[in-house]
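Protein chains in written order, with our numbering: chain X, 1 to 163; chain Z, 1 to 607; chain F, 1 to 485; chain A, 1 to 102.
Note that these hints are calculated values from the structure, not bench results. There may be inaccurate statements among the hints.
[As the list claims (entries may be wrong)] Below, computed lysine-lysine pairings styled on DSSO-like, alpha-carbon distance capped at 27 Å:
(1) Z/K523 - Z/K536
(2) Z/K508 - Z/K436
(3) Z/K364 - F/K435
(4) Z/K536 - Z/K436
(5) F/K106 - Z/K536
(6) X/K127 - A/K90
(7) X/K160 - X/K73
(8) Z/K364 - Z/K536
(9) F/K109 - Z/K157
(10) Z/K157 - F/K106
(11) Z/K508 - Z/K157
(12) Z/K523 - Z/K508
(13) F/K429 - Z/K362
(14) F/K109 - Z/K536
(15) A/K90 - X/K73
(16) X/K160 - A/K90
(17) X/K73 - X/K162
(18) Z/K362 - Z/K602
(19) Z/K602 - Z/K508
(20) Z/K362 - Z/K508
As a plain string of letters, each chain reads:
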Amino acid sequence: MTELVFYIIAVSLCAFAFLSVTVGDVFHSAVCLTFTLLSVAGVYFFLGAPFIGVIQILVYVGGIMTLFIFAIKLTAKIGDASIRQFTRQLWPGAALAGAILALLLAVIRANAWSLRLLPPVQGPDLKQLGVELLTRYLLPFEFISLLLLAALVGAIVIGKVKK
Amino acid sequence: MVNIAHFIPVFPFVAFWLNIIFGCRLGVACAYVSVGASAISAVLAVLVFMGLQAGGGSYVLTPWLSVNGHPISLGIIVDSLTVMMLLVVTIVGTLIQIYSIGYMGGDPRFTRYFAYISLFMSSMLGLVLVDNLFLLYIFWEGVGLCSCLLVAFWYEKPAAAAAGIKAFITTRVGDTGLLLGILLLMSVGHSLRFADMSVISAPEPLMVLAALLIFMGAVGKSAQFPLHVWLPDAMEGPTAVSALIHAATMVAAGVYLVARCYPLFTAHPLALQTVAVIGAISAVMAASIACFANDIKKVLAYSTISQLGLMMLGLGAGGYTGGTFHLMTHAFFKALLFLGAGSVIHAVHTQDIRAMGGLFNKMKVTSVTFIIGALALAGVAPLSGFWSKDEILTAVWQHGNLGLFIAAVTTSFLTAFYMTRLILLAFFGESRGAHKAHESPAVMTMPLVILAFFALFLGFAGSPWAHHAFQRFIAPEEGEVALDLGMAVASTVIACAGILTAFLLRGKFLGYKEGTCALIENKYYFDEIYDALFVKPFHRLAAAVARFDQVRVDGVVNGVSRCVQELAQASRSLQTGLVENYLLAQAGGVFVLIVVVTLVGKLCHIF
Amino acid sequence: MPYFLTAIIFMPLLGAALIALIPAAQVRSIRLTAVAFNTAVLAAVVVLGLNFNRHTGLMQCLEDRVWIPQAGIHYTLGVDGISLALVFLTALIGLLAALASGGIVKRVKEYFLVYQVLMTGLLGTFLALDLVLFYIFWEAVLIPMFFLIGIWGGPRREYAAWKFFFYTLAGSVVMLVGILAVYFSVTPHSFNMIEIARSSSMIPGGVQAVLFLMFFFAFAIKVPVFPFHTWLPDAHVEAPTPVSVILAGVLLKMGTYGLMRICVPFFPAGAVLFAFPLAILGAVNLIYGAFAAFAQSDFKKMIAYSSVSHMGFVLLGVAALNVTGFNGALLEMFNHGVITGAMFLLVGVIYDRAHTREMSAFGGLASVMPRYAFFLTFMSLASLGLPGLSGFIGEFLALAGTFFRFPSIAAVSAIGLIALVALFLVIIKKVLWGKPAGHASYPDMNAVEISVMLPLVALTLCVGFYPQMILQFQTYAVNALVGLL
Amino acid sequence: MIPLGHFVILSAVLFCIGLFGVLTQRNAIRFLISVEIILNAANINLVACNRYLAPANAEGQVVSLFVIGVAAAASVVGLILIISVYRQRKSVFLDDFNLLKW
């Protein structure tokens, strides 16, 4: 039963992702992305990583998507569907992406680990994650915070309307 | 006394530098520097000659260079041949320089002239003194240079400039052969000393080749067929130069070289035969051209070629004494003839004998001495030319080759003919030019007289009355010689026949229509043939090489740089500035990478 | 004397430092400083020559200091019979060219700065005994030369400078790879040129052949060997007179010096293998250069191509691989430096007056400028190899050496001898002979010009009459070199 | 039970969709959207492998957290750049920004 749910989520995830890069309207594609991200969060729950799933929803859907919608609204008139949305290399791009997909699938199929099933051991819990983040990964963690701060400042500087 | 010989060339050499450096200040006095220097040399030469009675020899001044382990020393050889040449060069040279004082008087480059002449004297004396081929080559080129500079002395005249260059390049062709001969001799014979010439043992073909290459140098310098073309053109130079360089001394250096390397030639009959044949061809050919020439100096020039050919023929036929004897007598009477011609030209300002005539009464001394010279050249007994030419004829007769003998006889006949024609046209008959001819000053006639004296009596050194003194002097080892009376009569008859023929034909000389004998009148078209065969192709080839260099070789270089530029230009357009293109390329790269990595992994598995 | 060679090499650089301190406006003192320092270099080289031991083929005045120990690079200098004459030539031509730089009026300070750096590079190239050091000096020559042509040159100077630079650089890069390859193919690994020559037998024959070609490529461009010669006429035509003099007089010798210092002793098997092709290239250079020169209409280009021709003699001498040939090659290098340097000076003299180098614009100068006529005739005769002047001895020895090894090639080269005669006689004829037209007012050579020419004339004469003057210094070194084969 | 392969395949498909988007989108905002899809694909892979292959550790999840953080920063900067460029050039189409060439 849970498998079925997973596959439904997986298929819809792919569908939404595909739609988000193909639909004519940018706003629609942002909406599709939202659903994509939500589905990804769902996948995380299946993988026994509820914390990541929650963060996914909080950060992506709550934060980043809001930004996207703002950005789309701020650059308003490009939402017009009549404008060409694809570059001239649509077909080369599609072919290349397809080729890489085929290659990846072939590689995945050829490897034995792809058949590995869920091990009986419980995955890492929230506590372990927290301890790891603040001990072993403290430095990168702090760097990420610094990066976010820098991004914040940078965004303000760049976005400031010069007089 | 012999070992003062190496001082002989030093004096003219010093005179050369004096005249070059202080020439402007010396003015006319520079002539005395040169004349004085060569007079001192002449005195020294006489001293060496007298010292020679006590025995000659060669001595080494200093080691000079080492080639392939073989030392080349600055060595001097003093023997009868050298001394004979020394005497001829210094005496004739001094007389001609004295003559030049008058002849070149008033020329703006008077000092330069004497400087060159001194340099020439020095080189020529060095040439005959050194004891090995390598040093000889050095002086050999030195006299060639002086010849070139003096032929082009009046370089404002394009013809003179061209003649100078022609002289140098043509002889250089021969000299290159000489150089190769020297190299060959050095590499197979291991010695360049003349003294070793007779003992060099090496494979026959190589030695023949060496001898022929050396002879090539002689051919160039002595203006023998087929390198004779420069000598007639060289008449563009001052007449005194023609007398000294292109008649008496330098052109005889080729004969001297063959005589000097005589053991090399006699050891290889093929080489000797070649010398004889080349000499015969030159002699007849030049004599025939001289019969049709109208320029007084050209007649004499061709006569010189012809006489040098005769000497070569003599040497080639085994007549060592005949060749060298003729070399000596010829130097005097041909110098006399040229100086006489110079005197005439000085007086009438033309060189065309058809525009002269009747000069005998106006220029007594010149005419008489000129006729003496001409008779000597024609070989009329008992003038000097008779004795030496007779020796050559005897030698050729004894050599046994009828063709060569006919050639020698023909040459004698033609010589007598064209000299008579020249005299008849120039000195007798009516005066055909509107010129007031006058006798030249004493400074010019005095050498004429002295030379005429030599032309008259020098031959007796080879006569039975002097007990063949010359023969005993130059080649004592040849033993007793006797005058072949029959040959003497024959040769006189031939000369007289030539003179007589000229007398008979004298009415036709002036009215002669050009073109009747086009082949000979045009000198057998040698100039034209060489022009088409060498000169023009040389220019064309040079132009082609230059074009090839510019277009092809440099074109490749510039082409490479252009290729790089084009490549850069082409790769520029890859940089579209469109991020999608970059990404596509990047993704393609990733794709290729994955393929490669997997394939390599697979291959590693297989192997 | 310790560090004497170092002093010689870096004296010009010291001069450059001093010149840098002089204000640019004081042109006169800048010139004087440059001349003074070059005179000092020449004096030092003469002292070096006087103290030189002529009876050994070994390196003298050796200096050896570790420079970059991590890479095994040393600062090694030394002089032997092969380099001594070239060092003397460099110092002499350097001084004379500095004296002849009066025509440079643009950016005089920079000119002499660059010039002094060039001198250091040239002297260093001939004295360095460590391959890396050699390479550094070799390249150090390139850059000042690039500026000298590119800034002070004629109308197409930039083209010429770039061509020269890239062409030579292409060769140098190959040489750099070769240097590394040599370093790794001898044990113990070494950049020391003496040690490499001593252990050359360690390198297998095939490797020797490849390395020989790599180095030869670099040197062939510098010499220049046909078909890598086309930078030379362009560089010469565009370069100002003193730079041309340096270029022909000294720079070209770097290539042939490299052949004798590196190619032959390092790779004797390669040298023997390629002797015949090398001789053919020499003959081609000789004949091709003479022919190409003959058809030029630019005076300077004629001389430039005749340089190509003369370098053919050097190649022939090197290809002979015997004592005679090496002696001839070395002597010809020296003589060519003196004679062709003088020829370029003479071209400069007439260019200063006529402002053109077109042969057709001259003629009859012998009447107008008699002193000039003397010098030009003299140097032309020396160039065409007139016996009695220095050019002949070198040419003869080189040709003799070739004849002993490859008689046929020597015989073919004789064509070049004739062509050279024709070339220089035609130069004399076109420039000096004929009627003067339109240039009757040219002043004759002045005292400075004559004083620059006189040492060259004297050397040409003295070496021509007494070749041992130069040969005595190199006998043992050449014997040692042949001993390596 | 779902094998690991299926997660990985899902991740691969998602990645290629994102790649396709990156290669073909003309609109800069959709370009960024595609980038986000790629990042998510990577995250799925990370978390899945963590869970299946090394359940005792938390590296995969930690790294995916970092990825989310960096992605957030990236999209903030990216979007503000787009807006900024839009103000200047009144366009968000990538092929209008081709000054950075030659």
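Proposed proximity, Z/K536 with F/K106 (alpha carbon, max 27 Å): Violated. F/K106 to Z/K536 sits at ~45 Å, over the 27 Å cutoff.
Satisfaction of hint between Z/K536 and F/K109, Cα-Cα up to 27 Å: Status violated; Cα separation ~50 Å.
For a C-alpha distance cap of 27 Å, please report whether X/K73 and X/K162 respect it. Holds: X/K73 and X/K162 sit about 21 Å apart, inside 27 Å.
Going straight from one Cα to the other, do Z/K157 and F/K106 come out at no more than 27 Å? violated, 42 Å
Restraint check for Z/K508 with Z/K436, where alpha carbons must lie at most 27 Å apart: holds, 26 Å
Verify the proposed pairing of F/K109 with Z/K157, using a straight-line Cα cut of 27 Å. It is violated: about 48 Å lies between the C-alpha atoms, which goes past 27 Å.
Checking one constraint from the list: CA of X/K160 to CA of A/K90, max 27 Å. Satisfied? holds, 16 Å
Restraint status (C-alpha distance of F/K429 to Z/K362 at most 27 Å): The hint is violated at about 40 Å.
Given the hint that Z/K364 pairs with F/K435, does the C-alpha gap stay at or below 27 Å? With Cα atoms ~38 Å apart, Z/K364 and F/K435 exceed 27 Å; violated.
What's the verdict on X/K127 and A/K90, does the C-alpha distance respect the 27 Å limit or exceed it? With a Cα-Cα distance of about 49 Å, the restraint between X/K127 and A/K90 is violated, given a limit of 27 Å.
Decide if the proposed pair is consistent with the structure: X/K160 and X/K73, CA atoms, cutoff 27 Å inclusive. holds, 17 Å
Would you mind confirming whether the straight-line C-alpha gap from Z/K362 to Z/K508 stays at or under 27 Å? holds, 24 Å
Consistency with the previously given hints fails for numbers 3, 4, 5, 6, 8, 9, 10, 11, 13, 14, 18 and 19, ordered from lowest to highest.
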